[in-house]
Amino acid sequence: MRTSMPDGSTEFVIPSDLGQAHCVQDAIEIQLKECHFDDKEIFGIRLALEEAIVNAMKHGNQMDPAKKVHVRFRVLPERIDVGVTDEGPGYDPGDVPDPLADENLERPCGRGLFLIQHYMTEVMVHPPGNRLTMSKVRVKPHLNGDKPHKGLNGDTPH
Amino acid sequence: MSTPGRRSRLEVEDNGEIAIVNFIDRKILDEQNIQKIGEDLFSLIDQYDRKKILLNFINVEYLSSAALGKFITLNKKVQAKNGKLVMCHINEDIYEVFEITRLDRLFNIQKDEQSALQAFSA
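Residue numbers (our numbering), protein chains in the order written: chain E, -17 to 140; chain P, 958 to 1079.
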């Protein structure tokens, strides 16, 4: 289900089906291209989206098809804001082992949140840990001198 | 050598003892495809007893952390058989993923297929 929100954002509510996750990513990628995000930016955002949505479906909803993932996003020329919410109990990001530690380097999992934090400029996991918001604020100056837009939480970029 | 499965997401070519693996998909993102890729890669070792594996990423534009996990497990399996895993033709964006996760230290990554083949005799 796709809904346009009053603040200009779009929300998808999808079952825990990885195929549907890619439909959401494709829709976001179209808007990124319309706003002239470059290929490198799109690569990082797409990877962050993949990791966030897969985490929500696998670890949050345990791939339960009855549980939904809510993906809300807004793309502007100077930034993208995304919120991903699952119907799981949540988790404490502090419990995720450091994937860069020598002893964890050969662990086959546990890099998703790290990659999101690398490729996005603002990332928050909201208590109880079933909602993640992330933004990519572009370094290019605002073309028309407007004030920066607020994120989906109403927060201004740092 | 025949490919590991009819619906394989891989193309496997023999070069002496070395199995050269090309990925069919440009995006190694889809969980089911990653699962299949993992099974096919592991079968090279477990079923076909290959010990020298070259992964050529020339077709690959995207991959996720789930794919990295499969390559880590593959590397462990190869090392357990005293074999060698080498990678090549990793594009700039994907190489950055390996760098930031420090996996560039774990894997033997070469620029192109020729230098990757030479790396097996090093």
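Just so you know, the hints here were simulated from the structure itself, not pulled from any lab data.
Just to be clear, a hint being listed does not mean it is correct.
[Claimed, not checked] Computed cross-link-like contacts, DSBU-like style, restricted to lysine-lysine with a CA-CA straight-line distance of at most 30 Å:
#, chain 1, residue 1, chain 2, residue 2
1, P, Lys1038, E, Lys22
2, P, Lys1027, E, Lys49
3, P, Lys1038, P, Lys993
4, P, Lys1027, E, Lys50
5, P, Lys1068, E, Lys49
6, E, Lys40, P, Lys993
7, E, Lys22, P, Lys1068
8, E, Lys49, P, Lys1038
9, P, Lys984, E, Lys15
10, P, Lys1068, E, Lys40
Would the pair Lys1027 of chain P and Lys49 of chain E pass a check requiring their Cα atoms to be no farther apart than 30 Å?
Holds: Lys1027 of chain P and Lys49 of chain E sit about 27 Å apart, inside 30 Å.
Check the hint pairing Lys1038 of chain P with Lys22 of chain E against an upper bound of 30 Å on the C-alpha distance.
38 Å, violated
When you check the alpha-carbon spacing of Lys1068 of chain P and Lys40 of chain E, does it fall within 30 Å?
34 Å, violated
Decide if the proposed pair is consistent with the structure: Lys40 of chain E and Lys993 of chain P, CA atoms, cutoff 30 Å inclusive.
With Cα atoms ~17 Å apart, Lys40 of chain E and Lys993 of chain P stay inside 30 Å; holds.
Between the alpha carbons of Lys49 of chain E and Lys1038 of chain P, is the straight-line distance 30 Å or under?
42 Å, violated
For the pair supplied as a hint, Lys1068 of chain P and Lys49 of chain E, is the alpha-carbon distance within the 30 Å limit?
Judged against 30 Å, a Cα distance of about 44 Å means the pair is violated.
Mind checking the alpha carbons of Lys1027 of chain P and Lys50 of chain E for me, to see if they're no more than 30 Å apart?
27 Å, holds
Would you check the hint for Lys984 of chain P and Lys15 of chain E, treating anything up to 30 Å between C-alpha atoms as holding?
Holds, at roughly 18 Å.
Hinted pair Lys1038 of chain P and Lys993 of chain P, Cα distance within 30 Å
22 Å, holds
Against the 30 Å threshold, does the CA-CA distance of Lys22 of chain E and Lys1068 of chain P hold or violate the hint?
20 Å, holds
When each numbered hint is compared with the structure, violations occur for hints 1, 5, 8 and 10.
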